[in-house]
Structure formats: C-alpha cells, structure tokens
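Q: Protein chains in written order, with our numbering: chain A, 7 to 685; chain B, 1314 to 1473.
Just so you know, the hints here were simulated from the structure itself, not pulled from any lab data. Think of the CB as a built atom: it goes at the ideal place given N, C-alpha and C, for glycine as much as any other residue. Hints should not be assumed to be uniformly reliable.
Unchecked claim - Per the computed footprint, the stretches of chain B lying under chain A, defined by three or more beta-carbons under 8 Å from a beta-carbon of chain A, are:
hint, stretch
1, 1332-1345
2, 1350-1362
3, 1393-1400
4, 1407-1413
5, 1459-1468
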Amino acid sequence: MPGEEDRFVGDFLGENALSCNVIRSAVARGRILSVSHPRLPEGVFLCSARDVPGDNRLAALGSPCPLLASREVSYRGEAVLLLCGSDERALEAIAEEIEIRYAEEEPLVFSAPSDDQIVDRREVVVGDPDAALAEAFQLAEGEYSTGAQEHFASDPHGALVVPREGGCLVYCPTQWPFHVRRTVASALGVAEKHVEVRVTRMSAHRDSKIWFPSLVAAHAALAARKSGRAVRLLVEPSATASFTPKRAPTRVSIRTGLDREGNPVAHDIGVFVDGGAFPVLGAELLERTIEGALGGYASLPVRLRGFLVKTSSPPLDAFVGLGLSQGFFAAETHASRLAELSSTDPFTWKERNLVKTGGRLASGGTPSHYPPPELLRRVAEVSDFTRKHASYEMHKKRRTKVPEEAKPLRGIGLSVAYQGSGLVGRGEERSSSSVVARLDADGSLLILTSAVSVEGMAERAWIDAASRILGIEKKRVVVAESRTDSVPDSGPSALSRNVTIVRELVESCCNAVVRKRFRAALPIEVKRTYRPPRAGRWDEERRTGFRFPSLSWGAAVVETEVDPITLETSIRGIWTAISCGAVLDPRAARRTIENGVFHALWWCTSDHASARRPRVLAIPPISVDFLPGGPKGFAGGIEELAGSVIPSAYVSAVAQATGRYFDALPITPELVHRYTEEP
Amino acid sequence: MTVAFMLNGRSVTVNVEPERRLVDILREDFELTRTKAGCYAGDCGACTVLLNGALAVSCMLPAFALRGASVLTIDGFSRTRDYGDILRSFNEAGYAPCGYCAQGRILSVHVLLEKHAEPSEEQILSGLAGIGCQCADYSTLLRAVSLAASARKSRRRARR
Chain A
7 MPGEEDRFVG DFLGENALSC NVIRSAVARG RILSVSHPRL PEGVFLCSAR DVPGDNRLAA
67 LGSPCPLLAS REVSYRGEAV LLLCGSDERA LEAIAEEIEI RYAEEEPLVF SAPSDDQIVD
127 RREVVVGDPD AALAEAFQLA EGEYSTGAQE HFASDPHGAL VVPREGGCLV YCPTQWPFHV
187 RRTVASALGV AEKHVEVRVT RMSAHRDSKI WFPSLVAAHA ALAARKSGRA VRLLVEPSAT
247 ASFTPKRAPT RVSIRTGLDR EGNPVAHDIG VFVDGGAFPV LGAELLERTI EGALGGYASL
307 PVRLRGFLVK TSSPPLDAFV GLGLSQGFFA AETHASRLAE LSSTDPFTWK ERNLVKTGGR
367 LASGGTPSHY PPPELLRRVA EVSDFTRKHA SYEMHKKRRT KVPEEAKPLR GIGLSVAYQG
427 SGLVGRGEER SSSSVVARLD ADGSLLILTS AVSVEGMAER AWIDAASRIL GIEKKRVVVA
487 ESRTDSVPDS GPSALSRNVT IVRELVESCC NAVVRKRFRA ALPIEVKRTY RPPRAGRWDE
547 ERRTGFRFPS LSWGAAVVET EVDPITLETS IRGIWTAISC GAVLDPRAAR RTIENGVFHA
607 LWWCTSDHAS ARRPRVLAIP PISVDFLPGG PKGFAGGIEE LAGSVIPSAY VSAVAQATGR
667 YFDALPITPE LVHRYTEEP
Chain B
1314 MTVAFMLNGR SVTVNVEPER RLVDILREDF ELTRTKAGCY AGDCGACTVL LNGALAVSCM
1374 LPAFALRGAS VLTIDGFSRT RDYGDILRSF NEAGYAPCGY CAQGRILSVH VLLEKHAEPS
1434 EEQILSGLAG IGCQCADYST LLRAVSLAAS ARKSRRRARR
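Could you build all of it, start to finish, from the sequences and the hints given here?
A: This is how it looks when you write it as structure tokens:
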C-alpha cells in the first residue's frame, strides 16, 4: 500500500540528492521586470520558466496554473525560480542575493469582484421563481460568508525526484499519483510512461494533497532535469501556511419569498466563491458550493447564480467537502432564520421542509438516498432540543442588554445536510477510475489501485469487502503499493470516495472473479472502470438524476454557552445522527465524525490568519448515532458531514445565546463583542 | 563547536554549528527519523523529545543548549516497558494517531503519567496540548490514556 518503504517524504535522507529552494513572488500581483542573480558557483543551478522543456502548466484540471511564473505573478508566494545545490546554507545565501523587480498592480480582492474576475459561472433555474417571488407575502434576505481554513497537515509537502533514462522516478505524498505523473511528464515534455510516481506515507491531510503535490513534484523534476541529479524539495512550513491551498472563502446571498404562514415559496440565490489566483478545481468547487447553498430541502421555484471569482490569493479549493460545507452553512443558517421569522422552532420547520422520499431536491435532482424521517427526530430527542430551544428563546426575549446579565447566555442550534461522495454531476464518468483485482494460484488476492488510503482506513474496507465476497481470509488479501507503473488510475483519493467509488469497484472486481473462479485458469485478473448506474445518471438539461454517485445524510445539534463577561463561547453539548447505510468500520466511522466535529469547530472559532494550530478543544463527549437503513448494499461517505452540519448549528446556538444574528465564520470573541455592543 | 550529551542512554559527541537544531542533528547525524520535523516553530510537537526527563520540542533546541544534557527520543523510549504499556493501550482503545505525531503523543502520555498516576480529563488535555496534529479524536484519546494509566499502575504494583 501507499508509503514507499513506509517513509514520509521528509525521511528520504541520504539519497545523495540536491536540495531545492523555491524563489517566490514577493508581490501579490504584477509584471516581472527583471531578474538578477549572483554568479552561481559550480554545482548550483537556477531554473526559470525558460528552462521548462514541456508545458509550463499544471496538467489540465481547471484554471491553467503555471508551474513557474514567466512574465507576470498572480499571488504572493507564486513560484518564480528554482535554486538547487548540495549545500543548503549556500543556497540560502544565494537566494538572498537574487533580485526580482516587479511592476506592481492592484491585487484582485474578493469583496467586490469586477466582471473580469469572474472565471466561471452557473445559473440554475427551477420552476418560475420570478412569479413566485412577486406573489410572495413577505421576503426574507440574508448574506452568509465563510473564511478560509487551513489544513494543518503535520507532514510537509515535498518530493524526491530521481532522473532516469528518458524520464524520472518521483517519490511524493499525494492523493492523486496519476495527476502528479501527468503534470511531471507534460512539464518535462516526455511520455507519461517515462515517469513513475511512488506514493510516500502521509498523515491526516484533509484533502490538502489532491493537486498541490503535482506542482511540488514538477518543481523538483524541473530542478532534477536542469542539474542532472536527484533533487529533494520540501516545502518549508512558513510557505505551507501562506501559499498552499486552503478551504475557499464564500459569500452566499439568499432571498426567500414566504407565504402568509411563513412557509417558503421560492428562492433567489447568489453564490460567490473565492478561487484564488488559479482555481485549479474551480468547476467542481463552484458546483458543490451551489449544491450546498440549495440545501437539503424539497424543491421550490429557485433561481441561483453562481460565480467563481479569481483573486490575488494563492489557489483556493481543495478541502474536505470541496465547497458543499460552505454552501450548507448558508442554506442552513438561512433556514434557521426563516423558522424564527415564522415563529416555528427550527426542528419543526426543518422536518417539515426536508426532502421526502421520492421528492426532488432544490437543485432539481433526486438523491440516491433520502434522509430517513428519524434523522432530525433522533438528534432533537437526545439533545432535548425543542424544550431547550423554547426555554432559551424565552430568556433571549426577556433580556435587554447582554453585558448586564451576569448569568451565562445559552443557545441551541440544529442543522441538517448531506454529503455527496464522488465527483459532482457526470464527473465520475469523465474520470474513468479503475481498479484491478488478481486472484493468484496460491489463493491470495491482490488489489491494484492508485487510491491512497491514509493510515489504512479505506484499505480495511476494501480488504473486508474482498474477503467477504471471495470467502478468503483477510490476511490473504493484499493491496498493492500505489505506484503508477503497476496500478491503474483510480482518480483522486479522498476518504469518502475511497469507501464509495473505489470500494464499489473492488466489490465489482471481486464479484467478477467469483464468476470466473473454477472456470478459468489462475491467476484470474479483472479490471473494472466506474460507470454510474444508467437509471440515475445526471441530466444537466432536464435537471434529473443523481448529482452525486453516493449520498449520506447527517444532522447535528450544538448547544453553547457564552460567558457574559469575556464573551467566550463554550460547548455544552454536541449530538449527531448519521444515515450512511452500512457502517463499514464502526470505530473508524465514529472517529471520523468526531474528528470532523473538531475541524468544523475550529473553522467556526479560529481566525485562519493567526496561522496557529488549534488544540483539542475541551468539549463534552460527542454523541454519534448511526441510523440503520438505506438502500441494500449502500455504504456512503461521512468524512465531510460534520463540516456541513456543525457550523450552522453552532452559529444558530451563539445567535440565540447572544440575541444577535451571526452570518459569518469564524465567530471570535471580538466579533461577539462587536455585535453585542451594537444597538 | 563540539557538544557532548547523552542520547538514548549513551554518551555521544557531535561537531556542529552552535545554532543547529536538535531535530536536524537527530534526524541527519544520527538517522533517528522517527523524531519528525514539522513546523520548526515549536508549534506542532512532531519533534517532541525528552530533555532531562521533561518534554521539549527539538526544533527549538540549539546545539549549544545540549552540552551535558540527557536526550531521550522515541527510539530510546521504545525500548522501555512504559512504551509497551502505552502502545498496547492505544491499540486497545482504538486510538490511532498518524505516523507523524504518534511519537510525540506517546512521549507526552509518558510524562503525563509520571506526573499524575490517574490523570483527570483536564490534565490529559493539558498534558497533550503540545501536539498540534489534527489526526486524532478526543474520546478515544481519553480512553487510551486512562487504559495506559491502569496498565502502568498494575505493572509497577506487581513489580513491587
């Protein structure tokens, strides 16, 4: 399995490799006027865009992200030059003397984007929203924004590239080895078969290693080509904090028409996503944010306009959920506000409006798995939501001014969302992900996939599935190391995709092996490529079918207490209910939800700009309830569910506690202070 | 400069620049790569070692501060029974920190249990606050530490 000799990339010492420094842009936007450098001593090499023999761009995904800036720079920290040599200290001294002069231009910002900044757009229209809004009794509007979020992966980004005849061997931590291969091969101008990528060990990455490793590996490969030596490039921690992808900031405005009883009749939604300078996964990011912003409620007339905005920030995209969580934050916070406007408690309102079995989602599609009726009921019951909400609501209405109250201020919030595993729309059809299984003469099964299972979580699910289907011992099922010369391309790896799409492929291979066993000679080798079921295939024009290959649902209640003096928020309780079909590994599943809750709370409370690692929060035990049911054989992903349900529930709870509407993440004590000071 | 210190129970001498960091000395000069290099800012705790019996982040320790000191890394600690207790408890509780921070967490739990034979939840959180990795969950951490505490107590009691 992944983990070339089970080492992290930083542990590849003693390969007699040169070190590589990346010389980065010091300005956020501008033209490069000149580059000057001291005379390079023997054995030191400098590589610029002119030295790229092939395509100076990341292998095609979204926006064409340059490997090395040539004439202009688009964000602070963009790679301009590569400096490599054997003596790290000497390299640092030379780097100090390299001078790049720029003609600076005004940075592009997210707050008020011009038309030129819009690099992608979508419009979704379901029914006749204009007529429904015109006839509405009342209109409710809100704007909800989320900030960036740091991954805080512990192990560094990096690559070791060893030149080979006609190509190279790349060792690097990546969730997508074949994308590294494509990028390196195209940068070097060689055929892909001449580049081999071996995946090294990784720590928890929160999807930080989807495409960025391709850029790092390409840099190391270019330096290796220039020097003719092996090159090791480790991205320094300060550069990781400042210049690598983060969770993309978003801004979502929602205008909802309500009838006399306060029921929603139509929505008009605007979605803006900050993709940074090069939104590499921009289309997927935008579409998933849109899906989230439409929410998990039953279809109503809706118009949604979504815009992907280019800014002068580093490329922003890859983070667990890839936009869904940001969208759900807006949809759910707005839904809680609509409930309040109609004087209905949020549980009743959300239960009433949540999509029902057989119904259509607001996006127009039908989900592959519907939320069971007990999903919301379960979290509401175990948390005593309705009683507490009513009680805190009464306290809130009686309060006059927050700081005068000496008692702790309490609030409770509830949220519901889904997780879409796999690529959105028809993305999985285009990705052509494959898995191979080979039953050998000794009765052992070898699974070949490029999917990377961090700390073995998904791998256990594959082995369990194979062992069950073939009736062989688990120890006789082996997952091959993720090396591009010996495994098929299984697409980008994320935990949820690994346990849905890749596991289904493993199962499909094993079922085919079972059919051939005792009929064909051993070894029996089967390859399967993912094809979404024809019945649920997404039709963009008619807006029918499944938007995601697999869907899981989650609900959460968060209860908070705000200190009236310090305005610090503490957690009194967190309850979650999950409907994901079969739970493949209960312990790992629970751990995934708990870990997701912590990450979601950090997103809610930590200012990303501080760049300080958050610590484990002192919170009461998290209640995690996996609900039985779901389609036969269904096991959905759960990795991003907490990120989609916790933030809105947290914000609603703080809003109820303080009596102020909050519509942005993160909520810091300073923000609470500012809001509570306002009349 | 030449610095002599105790490393994992044996006397060693290195010839290094005074400000060279201990984490680099351990990894590059002694090939003790189980001690990880993370943030180089004392924040992530991946490079945690014991310096004279106390937790220390080796990325913030310059060579000149090592003279006469005793350094215990995860490689040295893994030869002790205390290490075995902690590892077994982690496995039993299903606590699975990633390969990057596990070493720092194990050393932190060891120091915590030396201070508090039966640590409270607050003491556990504070004892492990030096590790900033995002991989591990909370409830199994509490369970793992409490199992490790029981294992250590019963083993030491049996020895007496």
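Q: Could you run down the list of hints and mark each one as holding or not?
A: Verification of the supplied hints:
1. Remark: the stretch 1332-1345 of chain B is confirmed as covered by chain A, as 3 of its residues place a Cβ nearer than 8 Å to a Cβ of that chain, reaching the required three.
2. With 8 residues bearing a CB less than 8 Å from a CB of chain A, the stretch 1350-1362 of chain B meets the requirement of three and the coverage assertion stands.
3. Coverage of the stretch 1393-1400 of chain B by chain A is violated in this model, with 0 residues showing a Cβ closer than 8 Å to a Cβ of that chain against a need of three.
4. Restraint check on the stretch 1407-1413 of chain B versus chain A: 5 residues with Cβ-Cβ distances below 8 Å, three needed, restraint holds.
5. Counting residues of the stretch 1459-1468 of chain B whose CB lies closer than 8 Å to any CB of chain A gives 0, so the stated coverage by that chain is violated, three being the minimum.
Checked against the numbered hints above, the structure breaks hints 3 and 5 and satisfies the rest.
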